[in-house]
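**Q** Okay, here's what each chain looks like letter by letter:
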Amino acid sequence: MKRVLLFAALMLASGHQRLAAQWNLARLEPGDATWQVSTALDPAIITSIGYRQLRTVFGARTQFGVEAGVVAGNADLGDYRARLEAGVQVYRRGSFRTVASAAFLTRGTSNTVFRGTNFGADVGITAGMYRPRWFVAGETGYDKPIVTHVTHTQGYRRTYYADAKDGWYIDTGGTRRLGVVTGTSLRGVELMLRAGVARTRGGEALVAPGYATLGMGFRF
Amino acid sequence: MFARCVLAMGAASLMACDPLSMSEPGHLVPRTVTEDSSLPSITINGSRLHAETRGTPGKPVMIMLHGGPGADYRSLLALADRYAGYSLADHYYIVFWDQRGAGLSERHTQDKLTIDQYDADLLAIVDRYAPGGQVTLVGQSWGGMYGTSFINRHPTRVKEAVFIETGPLKGSTFERIKGELFDLHLLREWLNDMAWTAQFFSADDHIRMDYQMTIGAEGSQPRNNTRKGPGAEPFWRLGAMANRYVQEDGQDAKGRFNYDFTTNLQRYTGRVLLIAGSRSEVLGTPLQLEQQPLYRHASVEVVQGGGHDVHWTHTPAVLGLMRTFLSASGTGGAR
Numbered sequence: 000m001k002r003v004l005l006f007a008a009l010m011l012a013s014g015h016q017r018l019a020a021q022w023n024l025a026r027l028e029p030g031d032a033t034w035q036v037s038t039a040l041d042p043a044i045i046t047s048i049g050y051r052q053l054r055t056v057f058g059a060r061t062q063f064g065v066e067a068g069v070v071a072g073n074a075d076l077g078d079y080r081a082r083l084e085a086g087v088q089v090y091r092r093g094s095f096r097t098v099a100s101a102a103f104l105t106r107g108t109s110n111t112v113f114r115g116t117n118f119g120a121d122v123g124i125t126a127g128m129y130r131p132r133w134f135v136a137g138e139t140g141y142d143k144p145i146v147t148h149v150t151h152t153q154g155y156r157r158t159y160y161a162d163a164k165d166g167w168y169i170d171t172g173g174t175r176r177l178g179v180v181t182g183t184s185l186r187g188v189e190l191m192l193r194a195g196v197a198r199t200r201g202g203e204a205l206v207a208p209g210y211a212t213l214g215m216g217f218r219f
Numbered sequence: 000m001f002a003r004c005v006l007a008m009g010a011a012s013l014m015a016c017d018p019l020s021m022s023e024p025g026h027l028v029p030r031t032v033t034e035d036s037s038l039p040s041i042t043i044n045g046s047r048l049h050a051e052t053r054g055t056p057g058k059p060v061m062i063m064l065h066g067g068p069g070a071d072y073r074s075l076l077a078l079a080d081r082y083a084g085y086s087l088a089d090h091y092y093i094v095f096w097d098q099r100g101a102g103l104s105e106r107h108t109q110d111k112l113t114i115d116q117y118d119a120d121l122l123a124i125v126d127r128y129a130p131g132g133q134v135t136l137v138g139q140s141w142g143g144m145y146g147t148s149f150i151n152r153h154p155t156r157v158k159e160a161v162f163i164e165t166g167p168l169k170g171s172t173f174e175r176i177k178g179e180l181f182d183l184h185l186l187r188e189w190l191n192d193m194a195w196t197a198q199f200f201s202a203d204d205h206i207r208m209d210y211q212m213t214i215g216a217e218g219s220q221p222r223n224n225t226r227k228g229p230g231a232e233p234f235w236r237l238g239a240m241a242n243r244y245v246q247e248d249g250q251d252a253k254g255r256f257n258y259d260f261t262t263n264l265q266r267y268t269g270r271v272l273l274i275a276g277s278r279s280e281v282l283g284t285p286l287q288l289e290q291q292p293l294y295r296h297a298s299v300e301v302v303q304g305g306g307h308d309v310h311w312t313h314t315p316a317v318l319g320l321m322r323t324f325l326s327a328s329g330t331g332g333a334r
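So the sequences go chain by chain: A and B.
Using numbering that gives the first Met the number 0, read the first sequence as starting at 0 and increasing by one per residue.
Using numbering that gives the first Met the number 0, read the second sequence as starting at 0 and increasing by one per residue.
Think of the hints as simulated: they come from the structure by calculation, not from any bench.
Where hints are given, some of them may not hold.
Within a straight-line C-alpha distance of at most 20 Å, the following computed EDC-like cross-link-like pairs (lysine to aspartate or glutamate) qualify [unchecked claim]:
id	chain 1	residue 1	chain 2	residue 2
1	B	Lys177	B	Glu289
2	B	Lys169	B	Glu179
3	A	Lys143	B	Glu247
4	A	Lys164	B	Glu23
5	A	Lys164	B	Asp118
6	A	Lys164	B	Asp204
7	B	Lys169	B	Asp118
8	A	Lys164	B	Glu34
9	B	Lys177	B	Asp248
10	B	Lys177	B	Asp251
11	A	Lys143	A	Asp121
12	B	Lys169	B	Asp248
13	B	Lys169	B	Glu280
14	B	Lys158	B	Asp204
15	B	Lys111	A	Glu203
16	B	Lys111	B	Asp251
17	A	Lys164	B	Asp251
18	A	Lys143	B	Asp251
19	B	Lys177	B	Glu247
Can you build the whole structure from these sequences, using the hints too?
**A** Shown next as structure tokens:
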């Protein structure tokens, strides 16, 4: 959270006050780009920075973006997530819009048991009311690790299981989510709040049974 | 575009090697007795338990109770080793076993992981090795709680007991100290590491649940001051569902611990030795002294320099205390 506030303060202090902050599709026009910073419980405490740009692709408003984040509590940056995403407005009727999104993700972790890297995909749909100064929408999605490389630590081999298998693992599961996302413009900065529940593919609760994101966006 | 990226990365990765399955027994965690028939086991109340014995049949029976719920007896095996010419195995027929759903024992669903079922399992083991007779119980951490619960229900079946770093014997005590015991700060690395694993695998089966639990095992209770790194207390495999559901069975609907393993304890006339590690801040000396009066005949001994894993890091000192205590009954060997 401190990193988010610091970033926001720097943006405001460096003359960006006149930029129309934006995270709301209703206020974006093709060519507009935004920066976002966020802190989330998703599924651990993660602080991220992202860049997104709206373009028109085959007549559809499409937002492309990249985002990278690091998990709290680990100064060596061993736990991270990077995503490359696209969101397409697939339906609009007045202020009601439906956006379908897909993302390619890579993630890393380093803990007492294993070091891991994986590649995965996230698909989702968001539908709701998008007005120039605010929006509120429901969302659902599925995050799927596709291939995960695991290297077990010497500590795990020594203390628990010497014959643990290192290598590429497939079909390791997935996470479903259901929640709401809302945002509003406040003195040139757009605030976004996202929250919901998450379950494993098999319906089990995660360590953190829900997710929540607090973010700020800046258009330029 | 994204699908292509994913497919390209996946294909490149998979071409490089044979992909593995996390659900395949033996990949992430050791096989249980139901997956590896070469492991020593017994069947109790329809459940196959990882178990072995030390010593000679016919000697007084000593039953070991490991911690958890959900851990295993691997580190307790050190208590059967010989130190300074003394071994418990010379004087007792010692039974080591992994509790239901724990260690390398068979896994079960929630309905088979209750305190009542655990009690029935221990009673069946006592009946198996000492039919109609008495046994000596040795328990560590949860093992001390489990053993005390058994004494509370079956006071005539236990001759004497040694409980090392016993956890809280009443739910009200657990409620009071749990904030000190678990480090649940949201920014703690162990907690975030454990939560972050959802990005890598889903804990949807016993293998992955047990594996995930291991990630949080080292950092969740820092005030136990257990040894880290080389020489740390070893385990085979944790039982996540046993850990979760046996604990939940001791809670009310709001998740508050409400069990009480002491309701009948004053009827027990046998002796109890409570051992604490001096560096164990929450479950150590203060808790053992507080719980001492709950038994009629209990004494407390403190091992200097030991943490919650004192039986592993200070085995000779613990065995010395046990030897002195057990020799008083004439079965533990004279000093």
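**Q** Now tell me if each hint is right for this structure.
**A** For each hint, the structure was consulted:
Between B/Lys177 and B/Glu289 the CA atoms are separated by roughly 16 Å; this keeps the pair inside 20 Å, and the hint holds. As the CA atoms of B/Lys169 and B/Glu179 are separated by approximately 16 Å, the hinted pair is consistent with the 20 Å bound. For the proposed pair A/Lys143 and B/Glu247, the alpha carbon gap of about 31 Å is over 20 Å, so the pair is violated. Using a Cα cut-off of 20 Å, the hinted pair A/Lys164 and B/Glu23 holds, with the two alpha carbons roughly 10 Å apart.
Distance hint between A/Lys164 and B/Asp118 is unfulfilled; the C-alpha atoms sit about 36 Å from each other, more than 20 Å. The suggested pairing of A/Lys164 with B/Asp204 holds, with an alpha-carbon distance near 18 Å, which does not exceed 20 Å. A distance of roughly 16 Å separates the Cα atoms of B/Lys169 and B/Asp118; the hinted pair therefore holds under the 20 Å criterion. Using a Cα cut-off of 20 Å, the hinted pair A/Lys164 and B/Glu34 holds, with the two alpha carbons roughly 17 Å apart.
The suggested pairing of B/Lys177 with B/Asp248 holds, with an alpha-carbon distance near 17 Å, which does not exceed 20 Å. Between B/Lys177 and B/Asp251, the direct Cα distance comes to roughly 16 Å. Compliance with the 20 Å bound is thereby established for this hinted pair. As the CA atoms of A/Lys143 and A/Asp121 are separated by approximately 6 Å, the hinted pair is consistent with the 20 Å bound. With a C-alpha separation of about 13 Å, the suggested pair B/Lys169 and B/Asp248 falls inside the 20 Å cut-off, and the hint holds.
For the suggested pair B/Lys169 and B/Glu280, the alpha carbons sit about 18 Å apart, so the restraint of at most 20 Å is met. Distance check on the hinted pair: B/Lys158 and B/Asp204 sit about 40 Å apart at the alpha-carbon level, beyond 20 Å; violated. Under the criterion of a C-alpha separation no larger than 20 Å, the hint pairing B/Lys111 with A/Glu203 is consistent with the structure, at around 19 Å. A C-alpha spacing of about 18 Å is found between B/Lys111 and B/Asp251, which places the hinted pair at or below 20 Å, so the restraint holds.
Taking the CA atoms of A/Lys164 and B/Asp251, the gap is about 40 Å. The hint is violated against a cut of 20 Å. With a C-alpha separation of about 36 Å, the suggested pair A/Lys143 and B/Asp251 falls outside the 20 Å cut-off, and the hint is violated. At most 20 Å may separate the alpha-carbon atoms for a hinted pair to count; B/Lys177 and B/Glu247 meet this at roughly 14 Å.
When each numbered hint is compared with the structure, violations occur for hints 3, 5, 14, 17, 18.
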